[in-house]
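Take these sequences, add in the hints, and give me the full structure.
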Amino acid sequence: AQSVTQLDSHVSVSEGTPVLLRCNYSSSYSPSLFWYVQHPNKGLQLLLKYTSAATLVKGINGFEAEFKKSETSFHLTKPSAHMSDAAEYFCVVSDRGGTASKLTFGTGTRLQVTL
Amino acid sequence: DTEVTQTPKHLVMGMTNKKSLKCEQHMGHRAMYWYKQKAKKPPELMFVYSYEKLSINESVPSRFSPECPNSSLLNLHLHALQPEDSALYLCASSQAFLTMGNQPQHFGDGTRLSIL
Numbered sequence: 001a002q003s004v005t006q007l008d009s010h011v012s013v014s015e016g017t018p019v020l021l022r023c024n025y026s027s028s029y030s031p032s033l034f035w036y037v038q039h040p041n042k043g044l045q046l047l048l049k050y051t052s053a054a055t056l057v058k059g060i061n062g063f064e065a066e067f068k069k070s071e072t073s074f075h076l077t078k079p080s081a082h083m084s085d086a087a088e089y090f091c092v093v094s095d096r097g098g099t100a101s102k103l104t105f106g107t108g109t110r111l112q113v114t115l
Numbered sequence: 001d002t003e004v005t006q007t008p009k010h011l012v013m014g015m016t017n018k019k020s021l022k023c024e025q026h027m028g029h030r031a032m033y034w035y036k037q038k039a040k041k042p043p044e045l046m047f048v049y050s051y052e053k054l055s056i057n058e059s060v061p062s063r064f065s066p067e068c069p070n071s072s073l074l075n076l077h078l079h080a081l082q083p084e085d086s087a088l089y090l091c092a093s094s095q096a097f098l099t100m101g102n103q104p105q106h107f108g109d110g111t112r113l114s115i116l
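If you read the sequences in order, they're chains A and B. If you use the working numbering, the first sequence corresponds to residues 1 to 115, in order. If you use the working numbering, the second sequence corresponds to residues 1 to 116, in order.
Among the hints, erroneous ones may be present.
Simulated pairs of lysine-lysine, DSS-like, Cα-Cα distance not exceeding 27 Å [what the hints assert, rightly or not]: (1) Lys22(B) with Lys42(A); (2) Lys40(B) with Lys49(A); (3) Lys102(A) with Lys41(B); (4) Lys102(A) with Lys53(B); (5) Lys42(A) with Lys40(B); (6) Lys36(B) with Lys18(B); (7) Lys19(B) with Lys42(A); (8) Lys19(B) with Lys38(B); (9) Lys36(B) with Lys102(A); (10) Lys40(B) with Lys102(A); (11) Lys38(B) with Lys102(A).
If you're looking for bench data, these hints aren't it; they were derived computationally from the structure.
In structure tokens:
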């Protein structure tokens with residue numbers, strides 16, 4: 001069984017400052033990990049994915065995440081926040097079974113960006 | 001614009017009505033999913049179709065009835081819903097490989113359902 005813990009339910013940053021959204025995972029095997037973003041009244045958009053290739057994963061809109069097996073972490077970062085980054089972010093782990101993936105979601109982190 | 005299209009975007013229905021939610025994708029994905037999302041919560045998996053066959057039903061009440069008529073379409077038929085069924089219903093799709101369950105899912109923008 002796998003699980004995901006997002007350590008902050010709410011993060012507030014000023015525009016132009018770095019963003020750090022924290023995620024720890026638990027998995028009995030080498031996991032597949034994803035970060036998704038959800039803007040108000042929208043679906044989930046894939047930001048980036050880790051599937052056991054490079055440990056530093058670059059995603060869209062300047063986001064990146066680093067897989068650290070020793071710390072069981074997959075934190076999401078961005079060097080400079082933009083107002084448009086304000087949204088809900090979900091850290092997600094996928095199982096490995098069969099012909100469809102079953103996702104386990106974290107509880108989400110709401111990112112607020114202020115002027 | 002998302003590559004998974006859901007219609008309608010909004011739906012208001014009474015508890016005795018019958019309605020359907022529709023989802024369409026043209027990415028060649030052979031796995032499709034229905035999720036329910038309540039406000040300020042992550043999505044909850046309802047159903048999974050793999051190669052047009054129902055492979056997972058997460059103990060969803062029978063008032064929700066999924067259908068996958070072909071590899072591009074996924075429907076969710078609704079009947080006699082309760083007020084607590086009001087939520088955002090999301091459809092997703094992914095590639096399906098026999099040895100890999102780690103393909104990312106691509107989500108539509110959802111249907112916001114309100115039960116009166």
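Hints, verified against the model:
no., hint, verdict
1, Lys22(B) with Lys42(A), "16 Å, holds"
2, Lys40(B) with Lys49(A), "23 Å, holds"
3, Lys102(A) with Lys41(B), "17 Å, holds"
4, Lys102(A) with Lys53(B), "16 Å, holds"
5, Lys42(A) with Lys40(B), "13 Å, holds"
6, Lys36(B) with Lys18(B), "18 Å, holds"
7, Lys19(B) with Lys42(A), "22 Å, holds"
8, Lys19(B) with Lys38(B), "20 Å, holds"
9, Lys36(B) with Lys102(A), "14 Å, holds"
10, Lys40(B) with Lys102(A), "21 Å, holds"
11, Lys38(B) with Lys102(A), "19 Å, holds"
In this structure, every one of the numbered hints holds.
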